[in-house]
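If you read the sequences in order, they're chains X and L. If you're matching positions, the first sequence starts at 1 in my numbering and goes up one per residue. If you're matching positions, the second sequence starts at 173 in my numbering and goes up one per residue.
Keep in mind the hints are simulated off the structure, nothing from the lab.
Restricting the straight-line Cα-Cα distance to at most 30 angstroms, the calculated cross-link-like pairs of lysine-lysine (DSSO-like) are:
1) L/Lys238 <-> X/Lys51
2) L/Lys315 <-> L/Lys333
3) L/Lys223 <-> X/Lys66
4) X/Lys163 <-> L/Lys238
5) X/Lys143 <-> X/Lys161
6) L/Lys315 <-> X/Lys164
7) X/Lys143 <-> L/Lys333
8) X/Lys66 <-> L/Lys336
9) X/Lys66 <-> L/Lys335
10) X/Lys163 <-> L/Lys335
11) L/Lys333 <-> X/Lys66
12) L/Lys335 <-> X/Lys164
13) X/Lys163 <-> L/Lys315
14) L/Lys333 <-> X/Lys161
15) L/Lys333 <-> X/Lys163
16) L/Lys223 <-> L/Lys238
17) L/Lys333 <-> X/Lys164
18) X/Lys164 <-> L/Lys238
19) X/Lys51 <-> X/Lys66
20) L/Lys335 <-> X/Lys143
Some chain L residues well away from chain X (every beta-carbon gap over 10 angstroms; in silico):
21) Ala224
22) Val225
23) Ser325
Just some of the chain X residues that point at chain L, by a computed CB distance under 10 angstroms:
24) Glu40
25) Gly71
26) Phe157
Backbone N, C-alpha and C fix where the C-beta goes; we use that ideal spot for every residue, glycine too.
Protein chains: 2
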Amino acid sequence: MHSERVASRSADQRDSSRESRNGTPTLDAVSLAIIQQLQEDGRRPYAAIGKAVGLSEAAVRQRVQKLLDQGVMQIVAVTDPLTVGFRRQAMVGIHVEGDVESIADTLTAMSEVEYVVMTAGSFDILAEIVCEDDDHLLDVINKRIRALPGVRSTESFVYMKLKKQTYMWGTR
Amino acid sequence: MHSERVASRSADQRDSSRESRNGTPTLDAVSLAIIQQLQEDGRRPYAAIGKAVGLSEAAVRQRVQKLLDQGVMQIVAVTDPLTVGFRRQAMVGIHVEGDVESIADTLTAMSEVEYVVMTAGSFDILAEIVCEDDDHLLDVINKRIRALPGVRSTESFVYMKLKKQTYMWGTR
DNA sequence: TCAAAGCTTGCGGATTTCGCAGAAGTGGCC
DNA sequence: GGCCACTTCTGCGAAATCCGCAAGCTTTGA
Numbered sequence: 001m002h003s004e005r006v007a008s009r010s011a012d013q014r015d016s017s018r019e020s021r022n023g024t025p026t027l028d029a030v031s032l033a034i035i036q037q038l039q040e041d042g043r044r045p046y047a048a049i050g051k052a053v054g055l056s057e058a059a060v061r062q063r064v065q066k067l068l069d070q071g072v073m074q075i076v077a078v079t080d081p082l083t084v085g086f087r088r089q090a091m092v093g094i095h096v097e098g099d100v101e102s103i104a105d106t107l108t109a110m111s112e113v114e115y116v117v118m119t120a121g122s123f124d125i126l127a128e129i130v131c132e133d134d135d136h137l138l139d140v141i142n143k144r145i146r147a148l149p150g151v152r153s154t155e156s157f158v159y160m161k162l163k164k165q166t167y168m169w170g171t172r
Numbered sequence: 173m174h175s176e177r178v179a180s181r182s183a184d185q186r187d188s189s190r191e192s193r194n195g196t197p198t199l200d201a202v203s204l205a206i207i208q209q210l211q212e213d214g215r216r217p218y219a220a221i222g223k224a225v226g227l228s229e230a231a232v233r234q235r236v237q238k239l240l241d242q243g244v245m246q247i248v249a250v251t252d253p254l255t256v257g258f259r260r261q262a263m264v265g266i267h268v269e270g271d272v273e274s275i276a277d278t279l280t281a282m283s284e285v286e287y288v289v290m291t292a293g294s295f296d297i298l299a300e301i302v303c304e305d306d307d308h309l310l311d312v313i314n315k316r317i318r319a320l321p322g323v324r325s326t327e328s329f330v331y332m333k334l335k336k337q338t339y340m341w342g343t344r
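Build out the structure end to end from the sequences listed, making use of the hints.
As structure tokens, this is what we get:
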């Protein structure tokens with residue numbers, strides 16, 4: 001029955017996660033395959049995943065739990081906020097003087113901010129904001145973000161229509 | 173035992189989804205609560221969700237299935253691509269002349285493009301790109317995106333570090 | 001008044017989850 | 001080589017969950 005299981009396990013299948021230099025775990029091929037399965041369907045049973053990646057049900061369960069605990073992945077429901085009552089969304093590009101990371105941390109702490117990334121472009125930070133209406137959005141941008149010490153200037157891109165939102169890099 | 177269930181069901185609990193003017197379903201409070209539960213844990217059992225939102229297990233199951241079928245939400249594994257072998261990510265701002273939506277559709281069809289949104293800011297479109305390395309990224313931006321008829325100019329913001337990525341609007 | 005929707009309760013069977021014990025592979029160390 | 005600590009995988013019951021289905025109820029809307 002184990003027809004597809006190779007006799008001696010190759011080296012890169014062990015060591016499913018280890019701390020690399022920058023602190024983020026390095027993933028092996030099996031864990032990647034598991035993540036890919038869960039990108040297609042976050043509720044797929046462990047046994048089905050095991051069959052697909054060549055592991056037992058229990059092993060898949062352990063790996064998934066570890067990936068969740070480590071924060072490597074999360075299994076969640078994703079929606080288009082516009083269909084769920086949040087009328088205004090925007091991407092805000094921010095020019096910073098001084099410590100970029102501390103500003104990013106401050107943004108991260110705001111509940112209206114769903115996404116924060118430090119970039120190498122003309123903006124130092126991009127932050128995505130989800131609000132209930134125009135007033136709320138205006139308030140967050142003008143009163144909360146622009147007021148931060150170190151924020152030199154901002155530029156806003158209000159969302160009109162979300163066209164694509166996927167998490168399927170694994171299936172390429 | 174039904175202590176928390178109100179005797180007569182209030183009006184907004186019915187009509188869990190109806191087509192609104194723009195074609196996107198309107199969601200009632202119960203469906204929002206269900207989505208919120210699944211934003212915290214995409215694998216939470218239906219019975220537990222039912223207890224939290226005041227519905228039976230079977231009803232939750234039906235609602236979740238419908239929300240998935242309608243495309244209102246998806247339950248998936250989400251990762252930081254940088255920890256999973258994709259070395260280069262970028263947000264690309266695009267200036268378009270002519271039909272913005274058709275350009276957006278073209279971008280949507282590209283597998284390297286994970287996120288496409290039409291905006292009201294100085295860019296007409298923002299697109300997030302996930303690539304394996306610099307060459308790949310350069311190729312996508314210069315050869316595939318800038319080459320599109322209707323694309324006047326682009327500006328790229330290469331990701332250095334992802335600081336936040338949540339889907340927790342429901343918990344506010 | 002009638003049909004359609006949606007929810008509830010209840011049910012059993014199939015499936016999945018979960019915890020745990022034991023086996024197997026690895027790396028460090030003498 | 002040989003031993004030990006550690007991690008990972010497997011196998012296996014027990015418990016919980018999922019799933020389809022049916023009957024009855026209420027509300028909505030034609």
